[in-house]
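Chains A and B supply the protein sequences, listed in that same order.
Numbers 1 to 342, taken from this note's numbering, label the letters of the first sequence in order.
Numbers 1001 to 1342, taken from this note's numbering, label the letters of the second sequence in order.
What the hints contain is simulated information worked out from the structure, not anything from laboratory work.
None of these values were measured; they are calculated from a predicted model.
It cannot be assumed that every hint is accurate.
Claimed, not checked - Some, not all, of what chain B presents toward chain A, calculated at C-beta under 7 Å:
no.	residue
1	D1144
2	T1243
3	F1247
4	L1254
5	F1303
6	L1307
Glycine is no exception: its CB is placed at the ideal position from the N, C-alpha and C atoms.
There are 2 protein chains.
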Amino acid sequence: MAVSDRGAAPQAAEPTSPSATPPALIALDWGTSSLRASLMARGPDGHGLVVEETAFPWGIMATPEGDFAKALDIATGDWTRRHPGLPMIAAGMIGSAQGWQEVPYLPCPAGAGDLVATLAAQPPVPGTALRIVPGVRQGGELPDVMRGEETQIVGALELYPSLWQQSLLVLPGTHSKWVRIRRGRIEGFTTYLTGELFALLSRHSILGRPAMEAGAPPDRPLSRAAFERGVSVTLRAPSRGITSLLFSTRSLVLSGGLDAIDSLDYLSGLLIGDEIRAARTDAPAGVPIAVIGASGLSQRYDFALSLAGITGVPLISGAATTGLWRIASGLSSDNPSRESLS
Amino acid sequence: MAVSDRGAAPQAAEPTSPSATPPALIALDWGTSSLRASLMARGPDGHGLVVEETAFPWGIMATPEGDFAKALDIATGDWTRRHPGLPMIAAGMIGSAQGWQEVPYLPCPAGAGDLVATLAAQPPVPGTALRIVPGVRQGGELPDVMRGEETQIVGALELYPSLWQQSLLVLPGTHSKWVRIRRGRIEGFTTYLTGELFALLSRHSILGRPAMEAGAPPDRPLSRAAFERGVSVTLRAPSRGITSLLFSTRSLVLSGGLDAIDSLDYLSGLLIGDEIRAARTDAPAGVPIAVIGASGLSQRYDFALSLAGITGVPLISGAATTGLWRIASGLSSDNPSRESLS
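Next comes chain A alone, as it looks inside the complex:
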């Protein structure tokens, strides 16, 4: 199936009502914490449309009995019985050593074409039609790795062609990534442990105790003032180091300078602010920045970026399914060498 050129207006692969066109792909985003499955069909412009979707908290570490085949059948069996012979593609930690089938990392620089070529050359998971997109690694003294993000990046570049020539893509999350793009390929990237640190510190450390004792519900809306304060502190103290700034979450509450109920929002601001402080040294002036995702977390990054003077940043939704569709399209394309696949 060919993928047509697109206009400038971004359009994500969002769920839509079942269309007249038959389903053409089962796309899986199977990571550490969840499995999201999408039944996709070709839209009028050749792009993928999500026809049905389902999600389970069955990340690779929490798949019941570690039985990936059974989990896949529960998630997608209804679709495969209704539409036999559908191709199936997955991205994420399901391709790691702890996943179903280990797929080696591709070295940087890597783009959609490299992912497609590797995927075409490797067998599907035995007994299934499932092919797993490889992750990407960066070598050097401090190597770095990604699994799943490479597919979201393919989707984001498809949705926002202006990011193709050169850009810096931010993927917030448990392990946030800042990815340098040049001519559609991942040139290099840096992972920040920001999300995991926030979870650990708010649940298990002395810093999380005041908010817990104050009875802050986990879903309360962000205190923008407390978050902004945390971001500003890190941006103003570039050499001080986050491990000392973190302690101010406690000392400010003790000294009456911060309401306990807002303290986790301040902590979030410290951590995200420090990530932006460190990462923007990778961003040459004039290179466009975009955030992949449109969740509350992405909006929080957008706010923090604006405090660092980085404004007008697109928040890109639907990148994972768009990327999975794009890679699957390359697999079945009769012209895999076109430039946007490079």
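We have chain A already, so just place chain B on it with the hints.
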């Protein structure tokens, strides 16, 4: 009781065999994780000698039934029955809002004389002879607090008079502190969450998993090579930020560049190295640095400091009991205004 001047040779208040002089003080180091009680007597030179000591895992958060009076009786009742009327002094989190009696923080600058004067003006814990040394706070945009460390500092300055005029004292631990001393008083300080971060990351994060799976016993000796590598990485990448360097603990193991069994030593090097990187900006050239404590952790700091070019650093043991004795001596001194109390 007066405290005489001392020669240059440092000598800590270590346990000794019961001396002919009768016990003169019960000294308690009562923090978040443990209660250490010492029965002390006046040594031949007027300094405190630890005659007997005992320790319990009864930090203020783990005191059985939260019954501090009962814990104190179990720890020291034998001594008080044998030697009725002994004065009793404590330092640490026992004086916090979560402790037995909240003792307000003293503002910086604060020295032994300020601690003694405050202690003399406040009542003992009701029903006991126990007096609790106040903590110290630093104001400003990012306030900071300590409880217990102020007493160790008094002891360290007593043991190493050369640090009195101006120095930078390092107190490694769950919440490491770097304390600026001028003319015997705490002028300011910075807390680093280093120890708590190491514990959280090694126990609960993805970074700790490889060492766990490799079966690294918690008490195995330090891999100096892996630790040194972690320290060196942070010292060479000053602006990169620790939250991204942390992830290299995982990516180095994944890429075969670091043995899983050594990975926590590398992580420890990253965290301690980053602390030193940030904190040495507080250290004007020529100001002596000392580490309080002589445990394995202090030796690890000494090694990391040497990698940062800071050598010949004394590791000071016995600071807590020496400090408690020194403050108690000031309380009963008939000349509390002498210079070394300033």
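Going down the list of hints, with the structure as the test:
For B:D1144, the suggested interface contact is upheld, since its CB lies about 5 Å from the closest CB of chain A, less than 7 Å. Against a cut-off of 7 Å between C-beta atoms, the interface hint on B:T1243 holds, since the closest Cβ of chain A lies about 5 Å away. Satisfaction of the interface hint for B:F1247 is found here, the shortest Cβ-Cβ separation to chain A being roughly 4 Å, below the 7 Å cut-off. The closest approach between the C-beta of B:L1254 and any C-beta of chain A is roughly 6 Å, which is under the 7 Å cut-off, so the hint is satisfied.
With a cut of 7 Å, the hint placing B:F1303 at the interface with chain A is violated, because the nearest CB-to-CB distance is about 19 Å. Taking 7 Å as the C-beta contact cut-off toward chain A, the hint placing B:L1307 at the interface is violated, the least distance being around 17 Å.
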